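A.B. asks: Construct all of the structure, not just a fragment, from the sequences and the given hints.
Number of protein chains: 2
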Amino acid sequence: MAKSARDSGSARSAQGQPLFRQVMKFMLNRIERGEWKAHEKLPSIRLLAEETAVHRLTVFKAYRQLVEEGKLYVRDKAGYYVAPQGGLSARKEETAAGTAALYSLTNALSDIQRMQVEYQFSQALIDPGLLPNLFLSDYVKKVFDLYPKVMGTYSTVQGDPELRETLSQHFRTHHRLQLSADELLITSGAQQAINLISGMLLGPLDTVLVERPTYSVAMDIFRREGARLVPVEITPQGYDLAEVEALMRKHKPRFFYLNPTHHNPTGYTVPAEQRKLLVELAERYRCLLVEDDPFRDMYFGAEPPPPCFAYDTEGWVIYISSFSKYVAPGLRICAVACRHPFMERLITAKSLADNGTPLLNQKIFLHYYTSPRLQQHLVKLRIALQVHKEIAEEVLSAAGWTWTAPQGGLNLWVKLPEDIPVDVLFARCMAESIAFVPGEILDPRGEMKSWLRLSYSFASETVLREGMQRLTALAGSLGASR
Amino acid sequence: MAKSARDSGSARSAQGQPLFRQVMKFMLNRIERGEWKAHEKLPSIRLLAEETAVHRLTVFKAYRQLVEEGKLYVRDKAGYYVAPQGGLSARKEETAAGTAALYSLTNALSDIQRMQVEYQFSQALIDPGLLPNLFLSDYVKKVFDLYPKVMGTYSTVQGDPELRETLSQHFRTHHRLQLSADELLITSGAQQAINLISGMLLGPLDTVLVERPTYSVAMDIFRREGARLVPVEITPQGYDLAEVEALMRKHKPRFFYLNPTHHNPTGYTVPAEQRKLLVELAERYRCLLVEDDPFRDMYFGAEPPPPCFAYDTEGWVIYISSFSKYVAPGLRICAVACRHPFMERLITAKSLADNGTPLLNQKIFLHYYTSPRLQQHLVKLRIALQVHKEIAEEVLSAAGWTWTAPQGGLNLWVKLPEDIPVDVLFARCMAESIAFVPGEILDPRGEMKSWLRLSYSFASETVLREGMQRLTALAGSLGASR
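From first to last, the protein sequence lines are chains A and B. If you read the first sequence in the numbering used here, its first letter stands for residue 46, the second for the next number, and so on. If you read the second sequence in the numbering used here, its first letter stands for residue 46, the second for the next number, and so on.
Worth flagging that the hints you see were computed from the coordinates, not collected in a lab. Errors might be hidden in some of the hints.
[As the list claims (entries may be wrong)] Some chain B residues flagged as far from chain A (calculated, every beta-carbon gap over 12 Å):
no., residue
1, F105
2, L179
3, Y356
[Stated by the list, open to error] No farther apart than 30 Å at their CA atoms in a straight line, the calculated lysine-lysine pairs in the DSSO-like style are these:
no., chain 1, residue 1, chain 2, residue 2
4, A, K370, A, K460
5, A, K370, B, K187
6, A, K186, B, K194
7, B, K70, A, K86
8, A, K370, A, K86
9, B, K295, A, K116
[Unchecked claim] Okay, the calculated beta carbon distance ranges per label pair:
no., chain 1, residue 1, chain 2, residue 2, range
10, B, P88, A, D285, 36 to 44 Å
11, B, K494, A, R101, 53 to 61 Å
12, B, R120, A, A291, 15 to 23 Å
13, B, R217, A, G445, 56 to 64 Å
These figures come from a predicted structure and were not determined experimentally. Heads up, the beta-carbon is just placed ideally off N, CA and C, and yes, glycines get one too.
C.D. replies: Here it is in structure tokens:
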């Protein structure tokens with residue numbers, strides 16, 4: 046690099062890029078290539094300055110910047126260390142505040158969803174008004190008559206045997222899954238299932254395949270474990286299996302996290318023949334499939350193809366089946382199906398996480414789930430959701446927006462006209478009490494800036510129509526104003 | 046080492062210890078001293094054989110043994126790598142079974158407690174017969190009248206505002222804690238609280254202070270994060286604060302996990318003046334105190350001193366307060382109190398873990414907790430627990446066993462006569478359907494082999510007396526038989 050550069054920390058190279066940024070890139074490459082491993086101590090600033098022939102102030106600036114960006118951390122003044130992939134944020138030892146900031150914990154989606162807004166299109170949840178709340182309380186009373194000591198009793202860690210037996214029968218009959226009650230674990234929602242599986246399988250620098258786009262909270266969980274995310278494009282036709290195979294061969298991922306049925310956020314469904322081939326790839330490349338399947342029963346036309354789990358004979362699929370979205374979200378009941386030896390380890394992970402999902406919730410769920418009323422409810426719900434979807438689509442098409450009409454699920458994955466800046470739209474919407482999810486958050490690459498996810502299931506029909514109209518109007522004004 | 050050793054993999058040194066064990070120790074020392082860091086690649090077998098002048102087969106045997114013991118792992122045949130503290134178990138890439146076995150997940154206590162036995166003394170739980178189950182169902186019905194949509198509604202991630210407001214008032218009035226509702230997070234049991242805090246604060250090679258003995262599941266959680274455990278002895282007089290200060294200075298621990306009130310397993314209570322000084326140490330050495338306090342309300346004589354949290358003005362204490370053990374274990378409700386910025390990060394951790402504790406459980410808990418009936422129940426419960434304790438003590442003293450009578454809690458921490466091998470006793474007891482917790486499991490050092498934890502709260506009075514008599518008789522026969 047230019048000798049003149051050695052005189053100042055803010056020197057620029059011939060290419061006009063600040064030198065310290067080049068030093069940063071140089072260092073990031075070494076970390077990327079694994080020459081500098083997680084938690085490894087870095088060479089002193091003096092040494093690196095000599096190696097790169099750059100002024101020490103410039104190198105110092107690069108180190109500081111990388112600490113700010115969570116790529117490095119400072120350990121008790123002993124020097125600079127490489128942060129695990131997924132990153133550490135700057136570690137300051139001086140205050141309680143400082144010691145809080147070790148590991149990067151983020152959940153952008155949850156941050157958005159926590160805001161109270163009038164037009165809630167950011168939550169893939171079902172309008173509580175569409176749920177049979179009053180009927181449910183009857184089942185609760187029934188549960189207390191049947192199990193008077195339910196409030197004083199812990200569940201087993203794996204989950205209530207009666208519930209697991211019932212669910213395994215359900216899976217055998219409805220989804221052609223070969224399952225015993227011993228191959229099911231009850232968790233508190235799909236979220237916990239993803240978290241337990243990650244804790245069981247992921248370590249720093251492990252690779253995970255994720256769909257692009259995908260459920261952002263899953264990415265946040267994998268990054269928390271220090272894993273590297275490698276995207277697999279999902280389209281209305283499913284995956285490019287040649288691409289998937291190449292990625293499995295190249296990266297030896299620990300697992301592929303996928304949501305192939307009424308995919309979140311796109312609504313796409315991966316065809317049956319691809320599922321079969323994908324399971325074969327999983328076996329060949331010893332890459333587990335972690336199949337998240339919360340939207341299966343919420344279809345508008347034909348029933349979706351069976352889960353990947355149905356094609357698996359060698360134990361390479363872990364199947365996350367949560368019904369609580371449409372049965373009773375308040376109960377947070379989810380079932381994870383997997384084979385030996387994952388189940389034994391999942392049970393231990395669950396025992397460390399919370400020692401078992403509350404028995405009360407499992408028993409209430411069980412008795413409602415096995416009632417004829419649930420099936421009636423489900424039929425009505427499918428119709429109601431389709432009506433919601435069509436209201437949203439009607440407004441959006443009037444505004445000239447484009448999307449692929451989903452065959453099920455709770456979301457529309459919408460592409461905006463290029464001239465509308467989604468970040469600006471998002472800010473304006475928040476100001477007007479309208480919430481949606483910017484595509485950027487759901488993209489492992491952090492791109493997809495002209496996409497957004499609109500959930501049509503949570504708002505009532507009136508609020509939905511009104512909010513969508515306000516949203517498209519706002520967007521239109523932004524588009525015009527440029 | 047002896048030249049002759051080079052001829053065989055099973056060679057022995059002069060000291061009679063197999064050579065490969067000496068090689069193992071040599072390697073473990075390097076890992077212990079941090080010369081070989083977590084996830085760092087080890088020298089080839091050939092190289093180490095030359096360095097140690099030991100036959101390559103012997104070195105190979107040592108590597109394999111360390112893999113078996115989870116000190117090393119094999120990565121895609123590229124070589125041997127150092128496992129983080131807390132260990133990895135052998136990683137085999139050939140089968141689905143193999144890929145399950147990356148991180149060491151253990152929970153010995155849960156393994157014991159999962160066995161169905163007639164005389165259950167291993168669970169620090171309350172006999173469901175002592176809980177007001179029938180009354181509770183009234184409150185449940187009340188909850189459904191008050192919140193008809195509770196089953197269809199998610200809780201906020203931090204927890205139901207109404208419940209947090211009520212609990213913060215309770216803490217202010219009963220425990221002199223300065224707390225706002227914003228400084229409370231609702232978790233699904235204390236177990237989840239410990240897990241979230243560890244995920245927020247711990248990384249590989251971080252140090253945690255733990256009492257010796259302590260709650261083994263907490264140790265399992267810390268080890269899962271790759272942390273190093275440093276024991277602090279707890280006695281009937283509390284801690285040796287000079288020792289605590291020395292350990293804080295030397296190890297710069299991330300936090301001290303403690304249970305200073307009716308301590309599990311010993312039942313000891315740390316005096317008030319020590320709590321005040323401990324908080325000062327925490328501030329001075331920037332070592333958080335994670336105060337687990339599930340037994341506070343279960344006292345037999347005088348009320349225990351206020352929690353450490355009450356003495357903290359700088360935000361160095363995270364307080365875990367679970368009532369569910371005696372209110373309604375089936376609900377799994379726990380409250381964590383801490384200050385900015387830990388709360389913001391805990392909320393994110395909770396959002397990743399399960400997105401919020403079920404609202405139903407929080408509302409039921411709220412309405413029972415605020416009822417006059419709970420206080421009546423608590424008074425009765427204290428008497429019942431004391432009766433249980435005295436039954437156990439009566440039988441044990443007849444057998445000549447020794448312990449320090451606890452002023453509260455659910456356990457007796459008992460020292461057996463030296464001539465009784467606890468491991469043998471444990472095996473015999475299991476065979477006769479009697480479960481207890483061997484002290485070894487609760488000791489961060491894995492020693493305390495002549496101690497055991499007996500929980501007197503779970504079995505009914507009759508079963509308790511009978512089981513304790515069988516236990517002491519069995520132990521007696523073992524002692525005699527030697």
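A.B. asks: Would you mind confirming whether the straight-line C-alpha gap from K295 (chain B) to K116 (chain A) stays at or under 30 Å?
C.D. replies: Satisfied, since the Cα-Cα distance of roughly 27 Å is no more than 30 Å.
A.B. asks: Run the distance test for K186 (chain A) versus K194 (chain B): straight-line Cα separation, threshold 30 Å.
C.D. replies: holds (15 Å)
A.B. asks: Hey, K370 (chain A) versus K187 (chain B), does the alpha-carbon distance stay inside 30 Å?
C.D. replies: holds (24 Å)
A.B. asks: Within 30 Å, alpha carbon to alpha carbon, are K370 (chain A) and K86 (chain A)?
C.D. replies: violated (46 Å)
A.B. asks: Is it true that the C-beta distance of R120 (chain B) to A291 (chain A) lies inside 15 to 23 Å, as the hint says?
C.D. replies: holds (21 Å)
A.B. asks: For the range 56 to 64 Å, tell me whether the beta carbons of R217 (chain B) and G445 (chain A) fit it or not.
C.D. replies: 57 Å Cβ-Cβ, so the 56 to 64 Å window holds.
A.B. asks: If you draw a straight line from the CA of K370 (chain A) to the CA of K460 (chain A), is it 30 Å or shorter?
C.D. replies: holds (26 Å)
A.B. asks: Beyond 12 Å from every Cβ of chain A: is that where the Cβ of F105 (chain B) lies?
C.D. replies: holds (25 Å)
A.B. asks: Between K70 (chain B) and K86 (chain A), is the straight-line Cα distance small enough, at 30 Å or below?
C.D. replies: Judged against 30 Å, a Cα distance of about 25 Å means the pair holds.
A.B. asks: 53 to 61 Å was suggested as the range; check whether the CB atoms of K494 (chain B) and R101 (chain A) agree with it.
C.D. replies: With Cβ atoms ~56 Å apart, the hint holds.
A.B. asks: Is it true that P88 (chain B) and D285 (chain A) lie within 36 to 44 Å of each other by Cβ?
C.D. replies: holds (42 Å)
A.B. asks: Could you let me know if the closest chain A CB is still more than 12 Å away from the CB of Y356 (chain B)?
C.D. replies: Its Cβ never comes within 12 Å of chain A, the nearest being 15 Å, so this holds.
Checked against the numbered hints above, the structure breaks hints 2, 8 and satisfies the rest.
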